[in-house]
Amino acid sequence: AQSVSQHNHHVILSEAASLELGCNYSYGGTVNLFWYVQYPGQHLQLLLKYFSGDPLVKGIKGFEAEFIKSKFSFNLRKPSVQWSDTAEYFCAVNARGAAGNKLTFGGGTRVLVKP
Amino acid sequence: EPEVTQTPSHQVTQMGQEVILRCVPISNHLYFYWYRQILGQKVEFLVSFYNNEISEKSEIFDDQFSVERPDGSNFTLKIRSTKLEDSAMYFCASNGQLGETQYFGPGTRLLVL
Chain S
15 AQSVSQHNHH VILSEAASLE LGCNYSYGGT VNLFWYVQYP GQHLQLLLKY FSGDPLVKGI
75 KGFEAEFIKS KFSFNLRKPS VQWSDTAEYF CAVNARGAAG NKLTFGGGTR VLVKP
Chain A
37 EPEVTQTPSH QVTQMGQEVI LRCVPISNHL YFYWYRQILG QKVEFLVSFY NNEISEKSEI
97 FDDQFSVERP DGSNFTLKIR STKLEDSAMY FCASNGQLGE TQYFGPGTRL LVL
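Same order as they appear, the protein sequences are chains S and A.
Counted from 1, the first sequence has number 55 at position 41 by the working numbering; the numbering is strictly sequential.
Counted from 1, the second sequence has number 82 at position 46 by the working numbering; the numbering is strictly sequential.
What the hints contain is simulated information worked out from the structure, not anything from laboratory work.
Predicted model only: the values in this text are computed from it and were never measured.
Among the hints, erroneous ones may be present.
Claimed, not checked - In silico EDC-like pairs for lysine to aspartate or glutamate, Cα to Cα no more than 20 Å straight-line:
#, chain 1, residue 1, chain 2, residue 2
1, A, K78, A, E104
2, A, K114, A, D99
3, A, K119, A, E80
4, S, K92, S, E102
5, A, K78, A, E92
6, S, K63, S, E102
7, S, K92, S, D68
8, A, K119, A, D99
9, S, K63, S, D99
10, A, K78, S, E29
11, S, K72, A, E136
12, S, K75, A, E92
13, S, K128, S, E102
14, S, K63, A, E39
15, S, K85, S, D68
16, S, K63, A, E104
17, A, K93, A, E104
18, S, K63, A, E136
Required output: the full structure, derived from the provided sequences and hints.
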């Protein structure tokens, strides 16, 4: 069974600061990797995903993530955050080729960007 | 842009009552999912559904839970006899093919008293 851990539960930073959120997964096979974001009062939205190819993936709103297979990690980064990046961020994986295709989520990281 | 919709947004019910949570997946999607998030905890997979059958279910999805696609557009989750611990946010999701991005609805917040 797969599992996902996110290192930080809460992050507080100022506008223009850089952001990095850690995500590690555990699974014996090949996975697809996702970062979802949930803005206050809104539903889960996809930020970016990795299926194969270039391990550095770029998503919406200036976010990027790097898949490091040897470390089972998929950390999310943004060089300069804005107040509007205040949200909860979820890392998720699914096992490639699995019949049910379920997503396994990390515990989420609440990010507060101070203006 | 097409969206997954869910109704109701909030539901309050008494313990032991039946509830039905409704979802309208994106119209050309074939795979449907329910997840839930108990306050302060992780988003957890409940069940996946394809071709009018359950593809996979978690340990949480016991006999009190059922899913149905009663027509060409709705996808429902029924909890037969609610318990206090069923209080959570329930999310519906859908995708067009296995492995593709799952698109989530806004959720239904269920409170069991």
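Verification of the hints:
no. : hint            : in the structure
1   : A/K78 / A/E104  : violated (25 Å)
2   : A/K114 / A/D99  : holds (10 Å)
3   : A/K119 / A/E80  : holds (17 Å)
4   : S/K92 / S/E102  : holds (14 Å)
5   : A/K78 / A/E92   : holds (19 Å)
6   : S/K63 / S/E102  : holds (17 Å)
7   : S/K92 / S/D68   : holds (18 Å)
8   : A/K119 / A/D99  : holds (13 Å)
9   : S/K63 / S/D99   : holds (18 Å)
10  : A/K78 / S/E29   : violated (27 Å)
11  : S/K72 / A/E136  : holds (17 Å)
12  : S/K75 / A/E92   : violated (34 Å)
13  : S/K128 / S/E102 : holds (15 Å)
14  : S/K63 / A/E39   : holds (19 Å)
15  : S/K85 / S/D68   : holds (16 Å)
16  : S/K63 / A/E104  : violated (29 Å)
17  : A/K93 / A/E104  : holds (14 Å)
18  : S/K63 / A/E136  : holds (9 Å)
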